[in-house]
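Peer 1: Chain residues, written in single-letter form:
Number of protein chains: 2
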Amino acid sequence: MNANKIKEREKISCPVEYAVSVLSGKWKLRILHAIIKQSPKRFKELEREISGITPTMLTAQLRELERDGIIEREIFATVPPTVEYRLTEFGKTTAPMMHEIKNWGLKLQALNAVLKSNGKSTA
Amino acid sequence: MNANKIKEREKISCPVEYAVSVLSGKWKLRILHAIIKQSPKRFKELEREISGITPTMLTAQLRELERDGIIEREIFATVPPTVEYRLTEFGKTTAPMMHEIKNWGLKLQALNAVLKSNGKSTA
DNA sequence: CTGGATCCCGATTGATACTG
DNA sequence: CAGTATCAATCGGGATCCAG
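Chains as they are written, first to last, in our numbering: chain P, 51 to 173; chain Z, 51 to 173.
Calculated directly from the structure, the hints in this document are not laboratory data.
Nothing here was measured: the structure is a model prediction, and the numbers come from that model.
Hints are supplied without guarantee of correctness; some may be wrong.
Unchecked claim - A few chain P positions that, by computed beta-carbon distances, are all more than 12 Å from chain Z:
| # | residue |
| --- | --- |
| 1 | T104 |
| 2 | R113 |
| 3 | E122 |
| 4 | T128 |
| 5 | V129 |
Said to hold, decoys possible - For lysine to any residue, the following SDA-like pairs were computed, each having C-alpha atoms within a straight-line distance of at most 25 Å:
| # | chain 1 | residue 1 | chain 2 | residue 2 |
| --- | --- | --- | --- | --- |
| 6 | Z | K157 | P | N153 |
| 7 | P | K152 | Z | F140 |
| 8 | P | K61 | Z | L161 |
| 9 | P | K152 | Z | E58 |
| 10 | P | K61 | Z | K166 |
| 11 | Z | K76 | P | G119 |
| 12 | P | K78 | Z | N153 |
| 13 | P | K76 | Z | Q159 |
| 14 | Z | K76 | P | L156 |
| 15 | Z | K157 | P | A110 |
| 16 | Z | K61 | P | E99 |
| 17 | Z | K157 | P | S74 |
| 18 | Z | K61 | P | N153 |
| 19 | Z | K157 | P | E150 |
| 20 | P | K166 | Z | I56 |
| 21 | Z | K166 | P | A110 |
| 22 | P | K55 | Z | G102 |
| 23 | P | K157 | Z | K87 |
| 24 | P | K55 | Z | Q159 |
| 25 | P | K55 | Z | M107 |
| 26 | Z | K94 | P | I62 |
| 27 | P | K166 | Z | E60 |
Glycine included, C-beta positions come from ideal geometry on N, C-alpha and C.
Let the hints inform the model, and build the full structure from the sequences given.
Peer 2: If you want it as structure tokens, here you go:
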């Protein structure tokens, strides 16, 4: 259960482990990244932007991020229904971290591109 | 298979997804954090510092980090055997990211401590 | 001490079908 | 459009045993 996950989290002392316990998984960071880039964001927009994710997973992950106080959900009683997601004030504190992660991802991509093109040359 | 994981990675364009593909899992970031704090670090020291990890997992994760060019391993033919792990030059580029992650973890812990004391006491 | 090889479980995830 | 429910399959990760 979810409540269990929360209980487990309370035992954690290491800040890194704590952050991981909230952000781990294939999708959380990408969702966060997408919402940081443009907020608010609708369900469908997220689904399109995060290639490979299924609606089921997107819903589940969004619920967890909401429960953890990082994003908030606003429902509009329109037809068809509209739901917007945006960062909470606390959620905005992830921005520097996300920036560094993205940044490092770029370095990593660049490095691997080089390694690949070298393949077997130089050394 | 591992080679497969590498192949998959080549298709990724999003930097965040790329970073996640290398760092995801329960242990990678904690291992990195431990080695950043003090380098070089021996196998046993890592095992002690990263509470909960088993030698099997520690080995597996270290191998992946090594393969991804983030850490390097040095073996000393002593009795008993000694192995030291340290960051590569590229591995050092994770420092700002790790700093932000740790930092955010601290904020998160602080927030949840408040939420808990509100929700519980006073009641 | 370091860590390779197996086996195995259960949480995580995906596919599908359905609803307000 | 924005989900929910269910079921099945996969895979990360733990336990155990073994070796240099």
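Peer 1: Now look at each hint and say whether the structure bears it out.
Peer 2: The hints, checked one at a time:
No Cβ of chain Z comes within 12 Å of the Cβ of T104(P); the nearest lies about 16 Å off, and the non-interface call holds. For R113(P), the shortest C-beta to C-beta distance to chain Z comes to about 17 Å, beyond the 12 Å cut-off, and the non-interface label holds. E122(P), annotated as away from the interface, keeps every beta carbon of chain Z farther than 12 Å; the closest lies near 15 Å. Listed as a non-interface residue, T128(P) keeps its Cβ farther than 12 Å from every Cβ of chain Z; the least gap is roughly 30 Å.
With a minimum CB-CB distance of about 33 Å to chain Z, V129(P) clears the 12 Å threshold, and the non-interface call stands. As the CA atoms of K157(Z) and N153(P) are separated by approximately 21 Å, the hinted pair is consistent with the 25 Å bound. For the suggested pair K152(P) and F140(Z), the alpha carbons sit about 15 Å apart, so the restraint of at most 25 Å is met. Distance restraint check for K61(P) and L161(Z): the Cα-Cα separation of roughly 15 Å lies within the 25 Å cut-off, and the hinted pair is therefore satisfied.
The straight-line distance between the Cα atoms of K152(P) and E58(Z) is roughly 19 Å, inside the 25 Å bound, and the hint therefore holds. Between K61(P) and K166(Z) the alpha-carbon distance is near 13 Å, which keeps this suggested pair within the 25 Å criterion. Between K76(Z) and G119(P) the CA atoms are separated by roughly 21 Å; this keeps the pair inside 25 Å, and the hint holds. With a C-alpha separation of about 18 Å, the suggested pairing of K78(P) with N153(Z) holds against the 25 Å cut-off.
A C-alpha spacing of about 22 Å is found between K76(P) and Q159(Z), which places the hinted pair at or below 25 Å, so the restraint holds. A threshold of 25 Å between alpha carbons decides the hint, and for K76(Z) with L156(P) the separation of about 22 Å falls inside it, so the pair holds. Straight-line distance between C-alpha atoms of K157(Z) and A110(P) comes to about 24 Å, which keeps the hinted pair within the 25 Å bound. A C-alpha spacing of about 16 Å is found between K61(Z) and E99(P), which places the hinted pair at or below 25 Å, so the restraint holds.
Between the alpha carbons of K157(Z) and S74(P) the distance comes to roughly 17 Å, so the proposed pair stays at or under 25 Å and holds. For the suggested pair K61(Z) and N153(P), the alpha carbons sit about 18 Å apart, so the restraint of at most 25 Å is met. As the CA atoms of K157(Z) and E150(P) are separated by approximately 17 Å, the hinted pair is consistent with the 25 Å bound. Taking the CA atoms of K166(P) and I56(Z), the gap is near 11 Å; set against the 25 Å cutoff, the hint holds.
For the given pair, K166(Z) sits about 23 Å from A110(P) by alpha-carbon distance, which is consistent with the 25 Å threshold. Restraint check for K55(P) and G102(Z): satisfied, since their Cα atoms lie roughly 16 Å apart, inside the 25 Å limit. For a cut-off of 25 Å, the pair hint linking K157(P) to K87(Z) stands: about 22 Å separates their Cα positions. Proposed proximity of K55(P) and Q159(Z) is supported: the alpha carbons are some 15 Å apart, at most 25 Å.
Pair hint K55(P) plus M107(Z) holds up; C-alpha atoms about 21 Å apart against a cutoff of 25 Å. With a CA separation close to 21 Å, the supplied pair K94(Z) and I62(P) stays within the 25 Å bound. With a C-alpha separation of about 10 Å, the suggested pairing of K166(P) with E60(Z) holds against the 25 Å cut-off.
Of the hints listed earlier, there is not a single one the structure fails to meet.
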